[in-house]
Amino acid sequence: LAKTTQPISMDSYEGQEVNITCSHNNIATNDYITWYQQFPSQGPRFIIQGYKTKVTNEVASLFIPADRKSSTLSLPRVSLSDTAVYYCLVGDNSYQLIWGAGTKLIIKP
Amino acid sequence: DTAVSQTPKYLVTQMGNDKSIKCEQNLGHDTMYWYKQDSKKFLKIMFSYNNKELIINETVPNRFSPKSPDKAHLNLHINSLELGDSAVYFCASSQGGTGYGYTFGSGTRLTVV
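For the protein sequence lines, the chains are R and P, in the order given. Start counting the first sequence at 2; every next residue gets the next number (my numbering). Start counting the second sequence at 41; every next residue gets the next number (my numbering).
Pulled out of the complex, with its shape left as it was, chain R reads as follows (with noise of 0.2 Å):
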């Protein structure tokens, strides 16, 4: 399984763009990228997944470089409610998947 390693916390103003680069040099072949986004008192809400090169979808974009050692997520003009904690993780698909602590990600207005 492989692990992940990630800034501890970010923050950022209202309208920014904020990337989240996400470290995976031991990832295998079969395993995905995927990321969480955490509020408080709630449990993780699944953001994006994505293999190789860019996947967009209505909340986040996904960058994964060609050797697939680490990821990007972006989240376009952020908004105070963006304030959370986001998990990037590694693995196939398999029934366990290894969490670290996460980015706290602070939104200011």
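If you're looking for bench data, these hints aren't it; they were derived computationally from the structure. Just so it is clear, CB atoms sit at the ideal spot from N, CA and C, and this is done for glycine as well. Check the hints yourself; a few may be wrong.
Said to hold, decoys possible - With a straight-line cut-off of 27 Å between C-alpha atoms, the simulated DSSO-like cross-links for lysine-lysine are:
hint : chain 1 : residue 1 : chain 2 : residue 2
1    : P       : 107       : R       : 105
2    : R       : 4         : P       : 81
3    : R       : 4         : P       : 49
4    : R       : 105       : P       : 80
5    : R       : 4         : P       : 76
6    : R       : 109       : P       : 84
7    : P       : 76        : R       : 105
8    : P       : 49        : P       : 107
Unchecked claim - Here are the computed distance ranges between Cβ atoms for each label pair:
hint : chain 1 : residue 1 : chain 2 : residue 2 : range
9    : R       : 77        : P       : 67        : 27 to 35 Å
10   : P       : 99        : R       : 4         : 16 to 24 Å
11   : R       : 18        : P       : 135       : 17 to 25 Å
Stated by the list, open to error - In silico contact screen, one side only, chain P against chain R (beta carbon under 7 Å); selected entries:
hint : residue
12   : 85
13   : 96
14   : 145
Take the given structure of chain R and dock chain P to it, following the hints.
For chain P alone, kept in the frame of chain R given last:
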């Protein structure tokens, strides 16, 4: 129409008591999980059931016993509660493994006094 629902949301109990937490999912997923999130916010898997069969059983005290009566339900019973059991317990579900994403419940905050 909640996808993964847990009850109760809060549970305060004394050391030595036995308590249960219930979880139900209406997503039609075939796999359910119990996670523990401690005060440092690390999420650690405890158990996983696939179609009512136990497939993950991490190093958890045997005071914790999961039960899955059907693939839509996964309950957690805890005997002889200890102070260190205080945490938030999350139920989650997925279809065909985690590669397709978990759906989590809103959590049960257990406080042992």
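We went through each hint and held it up to the structure:
1. Using a Cα cut-off of 27 Å, the hinted pair residue 107(P) and residue 105(R) is violated, with the two alpha carbons roughly 34 Å apart.
2. This hinted pair checks out: residue 4(R) and residue 81(P) have alpha carbons roughly 17 Å apart, not beyond 27 Å.
3. Of the supplied pair hints, the one linking residue 4(R) and residue 49(P) is violated, its CA atoms being roughly 31 Å apart against a limit of 27 Å.
4. Restraint check for residue 105(R) and residue 80(P): the C-alpha separation of about 12 Å stays at or below 27 Å, so the hint holds.
5. Distance check on the hinted pair: residue 4(R) and residue 76(P) sit about 19 Å apart at the alpha-carbon level, within 27 Å; holds.
6. Note on residue 109(R) and residue 84(P): the hinted pairing is violated, with a Cα-Cα distance of about 30 Å set against a maximum of 27 Å.
7. Among the hinted pairs, residue 76(P) with residue 105(R) is consistent with the structure: their alpha-carbon atoms are about 19 Å apart, no more than 27 Å.
8. Taking the CA atoms of residue 49(P) and residue 107(P), the gap is about 19 Å. The hint holds against a cut of 27 Å.
9. For the pair residue 77(R) and residue 67(P), the supplied restraint of 27 to 35 Å holds, since their beta-carbon distance comes to about 29 Å.
10. Look at residue 99(P) against residue 4(R): about 18 Å separates their beta carbons, and that is inside 16 to 24 Å.
11. Our hint of 17 to 25 Å for residue 18(R) and residue 135(P) is violated, since their Cβ atoms are close to 32 Å apart.
12. Below 7 Å, beta-carbon pairs count as interface contacts, and residue 85(P) has one with chain R at about 6 Å; its hint therefore holds.
13. Given the 7 Å rule on beta carbons, the hint for residue 96(P) holds: about 6 Å separates it from the nearest Cβ of chain R.
14. A hinted interface residue such as residue 145(P) counts as satisfied when its beta carbon comes closer than 7 Å to some beta carbon of chain R; here the least separation is about 5 Å, so the hint holds.
Hints 1, 3, 6 and 11, counting from the list given before, are not met by this structure.
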